[in-house]
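The primary structure of each chain is shown beneath.
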Amino acid sequence: MVPLPLALPFAELEVGQHLYWQLGNLKIHGQVFLSSWVVIGALLALVVVGTRKLERDPRGVQNLLEFLWDYIRDMAREQIGEKAYRDWLPFIGTLFLFIFVSNWGGALVPWKLIHLPSGELGAPTADINTTVALALLVSLAYFYAGLSRKGFRYFEYYVEPTPIMVPFKIVEDFTKPLSLSFRLFGNILADELVVAVLAFLVPLVVPLPAMFLGLFTSAIQALIFATLAAYYIGEAVHESHH
Amino acid sequence: MTSWLLLGATEGGLFDLDATLPLMAVQVVLLTFILNALFFRPVGRVVEEREGYITTSRAEAKQKLAQVERLEADLAAQLKEARLATQKLIQDAEQDCDRLYREALAAATADANASREQARREIDAERETAFKQLQGDAEKLGDLIVDRLLAAK
Numbered sequence: 032m033v034p035l036p037l038a039l040p041f042a043e044l045e046v047g048q049h050l051y052w053q054l055g056n057l058k059i060h061g062q063v064f065l066s067s068w069v070v071i072g073a074l075l076a077l078v079v080v081g082t083r084k085l086e087r088d089p090r091g092v093q094n095l096l097e098f099l100w101d102y103i104r105d106m107a108r109e110q111i112g113e114k115a116y117r118d119w120l121p122f123i124g125t126l127f128l129f130i131f132v133s134n135w136g137g138a139l140v141p142w143k144l145i146h147l148p149s150g151e152l153g154a155p156t157a158d159i160n161t162t163v164a165l166a167l168l169v170s171l172a173y174f175y176a177g178l179s180r181k182g183f184r185y186f187e188y189y190v191e192p193t194p195i196m197v198p199f200k201i202v203e204d205f206t207k208p209l210s211l212s213f214r215l216f217g218n219i220l221a222d223e224l225v226v227a228v229l230a231f232l233v234p235l236v237v238p239l240p241a242m243f244l245g246l247f248t249s250a251i252q253a254l255i256f257a258t259l260a261a262y263y264i265g266e267a268v269h270e271s272h273h
Numbered sequence: 127m128t129s130w131l132l133l134g135a136t137e138g139g140l141f142d143l144d145a146t147l148p149l150m151a152v153q154v155v156l157l158t159f160i161l162n163a164l165f166f167r168p169v170g171r172v173v174e175e176r177e178g179y180i181t182t183s184r185a186e187a188k189q190k191l192a193q194v195e196r197l198e199a200d201l202a203a204q205l206k207e208a209r210l211a212t213q214k215l216i217q218d219a220e221q222d223c224d225r226l227y228r229e230a231l232a233a234a235t236a237d238a239n240a241s242r243e244q245a246r247r248e249i250d251a252e253r254e255t256a257f258k259q260l261q262g263d264a265e266k267l268g269d270l271i272v273d274r275l276l277a278a279k
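These protein sequence lines map, in sequence, to chains A and B.
Just so you know, we're using the working numbering here: the first sequence kicks off at 32 and counts up by one.
Just so you know, we're using the working numbering here: the second sequence kicks off at 127 and counts up by one.
Simulated from the structure, these hints should not be mistaken for laboratory data.
The beta-carbon is built from N, C-alpha and C at its ideal position, and this holds for glycine as well.
A portion of the hints provided could be inaccurate.
What the hints assert, rightly or not - According to the in silico footprint, chain B covers these stretches of chain A (three or more CB under 8 Å from chain B): (1) 48-57; (2) 114-123; (3) 172-180; (4) 197-211; (5) 219-229; (6) 246-257.
Stated by the list, open to error - Restraint-style ranges between C-beta atoms, simulated for each label pair: (7) B:V155 - A:G55: 40 to 50 Å; (8) A:T193 - B:A185: 46 to 56 Å; (9) B:E177 - A:I251: 28 to 38 Å; (10) B:R167 - A:V237: 38 to 48 Å; (11) A:E203 - B:A192: 54 to 64 Å.
To be verified - Some residues of chain B that are not near chain A, with every Cβ distance over 12 Å (derived): (12) L157; (13) R167; (14) R171; (15) E186; (16) Q213; (17) R228; (18) A230; (19) A240; (20) A277.
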């Protein structure tokens, strides 16, 4: 779909249009990578600035980083459990930070000021490729976590509490990444669309509540994604008591 | 209008999955390793070191507090003992003082009695002698009077 029939000078709505880059005979979405590099750059800048001089009495950005670390550790420890959370803390933390900064970056950075030949910049998480990539990483992660910790005993999980559960558990392995990716993708895209449509109809003031709601949703979605990822990993490494 | 909903039907669309997906996954995995090296490991080390430091400091402080309490009790006991000793000392001294006073008083009284007795005895003796002398004198005088009277006759 492309430009809605109403052509106002200040707002234009584009959905499903991409800036294609050709890589050999592969096509990639350039705008997703551009905005994800901005997100990754912002994250790395924050981390580098904050860890430049780590002290026992934290100062400045170190406080923020320690707060984030503490928050992520609590999340990972609560979901994965005391024994295994250390191995997965960086993964869960990276998911949370990347999604959170992506979502808020998409809502807070005035991307529309930068004109691309095709498509438009926005949150990287509003592109299905990003969210599917993240969700598949989570699937790989929990399979790897379960297999590396329990070996083939991991598959006992499929027959617990009864073998009747096998088909459901197998279906679950498909629904988990599907729901993870579509939840994130849908929420972020919908939020961007709502704000864009409101801004398209009434450019002043009216989109503000939707924008605030968007910020809230964005944070919640990052939290949900990371928590669920941690929960799936925790489920995979969980030792059931016989 | 519906073309963007069709999965990969034409170029573009909301559900256009392509090489972005694996590349993004690789990017996120790389980011995980970078953040692990730059953020999670160092910050975790600092936080856990601090937690360890706080725990040990707290244990040390508790130990010190216990020591202080023990010392305080010790000192209180010592103080009590010292107070008791002082009180006993004072009592002893008072008793001593009293005893000495009584002794001195008794000695002085005895002394006084003795000297008074002696003085009385001396007075008695002197009176006796004086009396005897007077008696002798009186007798002598009487004899003299008698002699004169007899002579005159």
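### Message
Let me make sure I understand: some of the numbered hints might not hold for this structure. Which ones are they, in numerical order?
### Response
Violated: hints 3, 4, 5, 6, 7, 12, 13 and 14.
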